[in-house]
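Sequence order for the protein chains is A and B.
End of the first sequence sits at 215 in the numbering used here; the numbers just go up one at a time, nothing left out.
End of the second sequence sits at 242 in the numbering used here; the numbers just go up one at a time, nothing left out.
No lab work stands behind these hints, which were simulated from the structure alone.
The structure displayed is predicted, hence computed values, not measured ones.
Ideal placement from N, C-alpha and C gives every residue a C-beta, glycine not left out.
It is possible that some hints are incorrect.
Said to hold, decoys possible - Distance ranges between label pairs, derived from CB positions:
#1 B/Y101 / A/G165: 46 to 54 Å
#2 A/D20 / B/L3: 45 to 53 Å
#3 A/Q73 / B/S188: 27 to 35 Å
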Amino acid sequence: MAVAGQQSRASHSFTLPDLDYDYGELEPAISGEIMKLHHTKHHQTYITNFVKALEQLEQAEKDGNAEAIVKLQGAINFNGGGHVNHSIFWKNLAPSKSGGGEPPEGKLASAIKDEFGSLEKLIAKMNADGAALQGSGWVWLGLNKDLKQLAVQTTANQDPLASKGLVPLLGIDVWEHAYYLQAWTDYKNVKPDYLKNIWKVINWSDVSSRYEANL
Amino acid sequence: PFLQSALEPYMSKKTLEVHWGKHQRGYIENLNRQIANTPLEGYLLEDIVKISYNRGSPQPAFNNAAQAWNHDFFFTSLKPGGGKSPTGEIAELIDKQLGSYDNFVKEFKLAAASQFGAGWAWLAREFLFFLSSLSFYPFCLKEAKLVVEKTPNAINPLIWDHIPLLVLDVWEHAYYLDFQNNRPDYVSTFLEHLVNWDIVNARLDRAKAFMNWGEPDWDLFDKDADILTYEEAGIDVVEDSS
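So that you can see chain A by itself, here it is in the shape it has in the complex (with noise of 0.2 Å):
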């Protein structure tokens, strides 16, 4: 379908980034057999079809069907989502050797403070919050620009944050692919355990940074 020799747009170069730590170093939060096939095959999967989307889109466009183009917006925001989504999440975990599960410091520290007394009244209010999350989604913490306060939201499936008007900060994917091979093995609880042990490996200092570009 797509016209061989025409330019491609500069967009259809998603692929599919690297993690900055190994497949096994989030352990025992989450297990390297979870990591290693969400990254190379759920992550991989949102990214080849957004790109399929993406092509189809342009070749609708250069047909004027504006049927399809409308169509095509479902596998565009599901996907795309997906990509953008979890490139946030590896970001946002790291290894405790690297880091990973150390307080936040500095303004964003203050900032927990003031918008929810605490960071373990944050990290509970996220947790609940995920929990309670029926079907597919994220939970979030997420910052609203034009108020400068923090916020934890959800979303379901891959619906991006910036859908509900917050820069995501930090993000805790709740499909169940995040945890499943855990179930009832590592995890008796499942999604509750999955969410108690994250905190573990979060990167705050990612999140920080993230905080801060956006003041």
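Since the structure of chain A is provided, determine the placement of chain B on it from the hints.
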């Protein structure tokens, strides 16, 4: 309705242990807790689903009720040695209303694959109203039509007053231990090895109790017949002599 190991190698014992023993058990126990001492207690599960859906503003019990119903429907839709093309009335209906078994497979696979996130893929009967011009019949007939549909999260076609016949769970927990992220293979395996067409036919029979069954049986009513005279009908009529 079968041993947890009976569906191997197409669906592992471990998957069923967890899916039925943990997920389904959780939904049911949580639901029981939720409806205890409320007006919903004592209703049939199907009714709880419809009532708690509350026309789109679901009450808290909806998620557990619908998921409990969905999973029960799903486990009974499986059988060892199942799958492949059906026989019996459902086979005829599929050919008549969905084109062919292959076409059904294509539509079903598409529904299952395009349900982003968590959800279910269904084969169901939906109802179309149409005006009947036949003077023997009421003016409004509900004709039943086979549809392949997909629903997100806990939603099921009961809320649209459709009659479900078959379902496949496409939440990741249903296939992750056996297929990881390969949903398409899971769907194919289901269609080729696990579908319980016998129960689909049984559900079809039961559904007949609820609706007018489409085309009437013309052998009973000869639509081309003229109205018979008494003579033709063999009825002796005694004329009034006065």
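List of violated hint numbers, smallest to largest
none
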